[in-house]
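Q: Given next are the chains, with one letter for each unit.
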Amino acid sequence: MLKDQTAIVGIGETEFSKSIDSTELNLACKAIKIALDDAGINPDQVDALGSFTYEETPEFEIARNLGFGNLTYWSQAPYGGGASCAAIGQVAMAIASGVANVGVVWRSRKRGDPSSRMWSHTNEQIFDHWKWSRPSGLVRPVDESSMLMRRYMHQYNYDRKDLASVSIALRKYANSNERALMHNKSLSLSDYMNARMISDPLCLFDNCLESDGAIAIVITSVKMAESLNNIPAIIHSYSQGMSRDHQLMTHYHSDDPLESSSYVTASNLWSLSDYSPKDVDVAQIYDAFSPMIPFSLEAYDFCPKGEALKLINEGLIDVDGGLPVNTSGGSLSEVYLHGMNLVTEGVKQIRGLANVQIKNAKLALVTTCDATPNAAVLLKGE
Amino acid sequence: MIKSIPIPGIEDFDKSYWENSSKHKLSIQHCADCKAPRFPPRHMCPKCQSINHEWNIVSGDAILWSFVVPRPPLLPVFEKQSPYVVGLVELIEYKNIRIIGEIKSNSDIDSIKIGDKLTVRFKKINNEISLPYWVRE
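Chains A and B are the protein sequences, given in the same order. The opening residue of the first sequence carries number 1 in the numbering used here; numbering runs sequentially from there. The opening residue of the second sequence carries number 1 in the numbering used here; numbering runs sequentially from there.
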């Protein structure tokens with residue numbers, strides 16, 4: 001069993017910025033060193049690595065720069081925004097099963113420059129599943145997410161004003177977080193309603209930030225964690241999820257396109273756990289686009305289908321609303337690093353050291369991208 | 001960034017779809033053994049794992065399931081067309097088969113709404129590829 005066997009014992013973050021004059025490898029090394037120092041672990045003790053298939057800094061470069069010892073496990077998780085918790089879970093399983101002892105998971109990314117947008121590199125000829133959508137002008141991830149949001153709005157009688165409450169709630173958290181890229185920028189309902197449309201019904205503020213930075217975490221057994229510096233964020237349960245008939249980012253062809261892979265992850269995560277949604281003190285929900293927050297809250301069973309936006313409008317995800325969500329500002333307002341900042345914020349909440357600290361946060365849910373095959377972890381304090 | 005529209009690459013399992021499209025016919029792949037329809041086309045029947053397939057021509061009549069209006073920044077070819085409407089349409093003959101295509105309307109695009117009844121048309125891209133799009137009835 002994986003349950004309660006491993007913990008996140010160190011976290012490291014570089015500066016976050018629109019543009020950092022440094023390479024991804026340089027940033028990755030810095031973030032990992034900060035995370036190991038935070039844990040109080042010498043680099044030569046590291047024997048396991050986990051990363052994203054999208055990660056461009058290879059394991060051997062990381063290992064020989066940081067001076068790791070002999071490695072006995074490494075793996076990569078696919079699907080970008082769906083990968084962070086999957087990479088973490090895989091390393092945790094390697095440690096729980098005895099293949100390795102000290103694991104590092106990292107993501108380093110320079111995405112601040114508009115020329116690094118993945119859709120802008122669309123090929124002249126398409127052979128993968130995107131051949132069924134991109135030639136018709138549905139090219140960017142925001143277009144793909146917007147398609148589901150309009151349907152959701154139609155089905156449950158919402159409009160843009162209702163969706164605005166998601167971005168506004170996260171911006172308020174960022175305004176209290178000095179490291180957030182949007183720390184000094186407030187966001188009002190009229191700012192949102194007057195924003196330029198990117199893919200109607202989604203506007204500028206429904207999109208995550210474009211940013212540079214790196215984040216790393218360190219995982220050990222719970223037993224080893226007892227002798228280390230920090231309050232461990234124990235990995236209570238973990239699952240990946242890919243639903244029947246799933247199609248990456250364009251999950252349009254199953255019986256119900258609004259029922260994402262998150263429903264699979266959630267169902268297995270809760271069944272492997274001692275807890276239920278009502279026990280969660282704080283949630284970090286993957287938010288490349290604002291609709292992913294209401295979609296995920298419904299998938300993870302915090303409320304019935306169709307009710308999430310109503311509850312968010314009533315304040316559910318605010319600091320005192322019952323289920324604070326993305327308390328650092330998330331990908332919409334802190335930094336976009338494929339969701340790794342959601343992991344570190346979950347750990348900070350468990351340690352009691354977050355910028356906007358939720359009182360007595362003992363159980364934190366961290367999720368990944370609702371529109372891809374994905375994963376989640378439930379972190380708990382001692 | 002590419003200057004032209006991205007073109008679907010033709011493969012063994014969807015060759016007939018593009019041949020039919022070039023003749024302005026919308027066709028749906030079926031399993032030749034258990035007869036289950038599937039979209040998008042693929043190698044194997046997910047119901048019975050047969051690799052034998054056949055194609056049925058359909059009317060193309062559809063209902064608008066959802067749509068978006070992309071705005072810049074876009075690929076240059078689409079930026080020139082913006083604002084345009086891309087829809088996900090549900091075929092009348094097969095409730096759970098949904099296809100992406102551009103939605104064209106003689107009247108203002110602001111009047112397009114989910115549930116609109118649509119008819120298929122085809123836009124020739126080259127000698128091998130024509131893309132389906134839909135117009136309001």
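You may find that some hints are simply not true.
What the hints assert, rightly or not - Selected chain A positions facing chain B (in silico; Cβ < 7 Å):
| # | residue |
| --- | --- |
| 1 | Glu24 |
| 2 | Asn26 |
| 3 | Asp200 |
| 4 | His253 |
Simulated from the structure, these hints should not be mistaken for laboratory data. Where is the CB? At the ideal position from N, CA and C, for every residue including glycine.
Q: If a hint holds in the structure, say so; if it does not, say that too.
A: How the hints compare with the structure:
For Glu24 of chain A, the interface hint is violated, since its Cβ never comes within 7 Å of a Cβ in chain B; the closest pair sits about 22 Å apart. The closest approach between the C-beta of Asn26 of chain A and any C-beta of chain B is roughly 28 Å, which is over the 7 Å cut-off, so the hint fails. Interface restraint check for Asp200 of chain A: the shortest CB-CB distance to chain B comes to about 4 Å, inside 7 Å, so the restraint holds. Taking 7 Å as the C-beta cut-off, the interface hint given for His253 of chain A holds, the closest approach to chain B being about 6 Å.
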